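**Q** For the protein sequence lines, the chains are B and G, in the order given. Using this note's numbering, you'd call the opening residue of the first sequence number 1 and step up by one each time. Using this note's numbering, you'd call the opening residue of the second sequence number 113 and step up by one each time.
Treat the hints loosely; a few may be bogus.
Unchecked claim - Some chain B residues well away from chain G (every beta-carbon gap over 10 Å; in silico):
(1) L13
(2) T20
(3) G41
(4) E42
(5) Q45
(6) T70
(7) S72
(8) Q81
(9) D98
(10) K99
(11) L100
(12) T104
(13) Q109
As the list claims (entries may be wrong) - Pair by pair, the computed Cβ-Cβ distance ranges are:
(14) B/S14 - G/P195: 23 to 29 Å
(15) B/A17 - G/K183: 43 to 49 Å
(16) B/G1 - G/A194: 45 to 51 Å
(17) G/T119 - B/P10: 26 to 32 Å
Hints listed in this document are in silico derivations from the structure and should not be mistaken for laboratory results. If you're wondering where the values come from, they're calculated on a predicted model, not measured in any experiment. Note that beta-carbon positions come from the ideal geometry of N, C-alpha and C, so glycine has one too.
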Amino acid sequence: GDSVTQMEGPVTLSEEAFLTINCTYTATGYPSLFWYVQYPGEGLQLLLKATKADDKGSNKGFEATYRKETTSFHLEKGSVQVSDSAVYFCALSDHNTDKLIFGTGTRLQVFP
Amino acid sequence: NAGVTQTPKFQVLKTGQSMTLQCAQDMNHNSMYWYRQDPGMGLRLIYYSASEGTTDKGEVPNGYNVSRLNKREFSLRLESAAPSQTSVYFCASPSLAGGLGEQFFGPGTRLTVL
């Protein structure tokens with residue numbers, strides 16, 4: 001079945017460092033891809049999404065490009081802040097359903 | 113407009129006790145979901161409801177029951193709690209405007225079963 005694989009964390013960075021969190025997926029169809037963020041003590045929030053190959057999702061300085069040839073959707077940010085410390089989840093959904101399949105999550109810790 | 117709300121926020125149970133987790137959404141969405149979140153496992157779907165009056169099993173339904181009381185409310189019941197059900201539980205509801213897969217999440221219920 002469909003699945004999502006994320007790099008294990010925690011990822012520990014200094015403020016203003018470059019961030020990459022890897023995400024690859026396996027799907028039989030042409031899924032939509034998502035990054036969700038979970039701040040401490042809160043529920044998940046949608047960070048960005050891409051619905052077809054070569055689409056780039058972006059929000060709050062974060063970007064991810066839907067790469068069909070490598071089945072990847074890596075999350076990047078050029079300069080992280082302490083306030084970006086959170087758990088990041090990659091997810092996919094089939095176009096025929098609104099169900100999501102999540103990766104295991106990657107914890108990001110940013111220090112001043 | 114509160115979005116998705118959940119009660120309680122925290123709960124401690126003894127093995128064998130029962131409880132119901134409540135979820136409500138005020139966005140007039142058809143679908144609602146229950147997930148559990150465990151360390152290293154991500155979010156796993158317990159049950160979902162595609163519309164009022166319908167419910168279906170997800171990936172990990174054993175030990176749980178659900179009720180879609182009306183369009184707004186979707187409850188999750190543990191009839192006889194077990195330590196393996198210690199987890200954080202999230203209710204979610206898809207956004208109609210955002211397209212397929214984009215979901216709004218509640219703040220979660222942290223459950224400990226002793």
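**Q** Return the numbers of the hints above that this structure violates; sort them in rising order.
**A** 3, 4, 5, 9, 10, 11, 12, 14, 16
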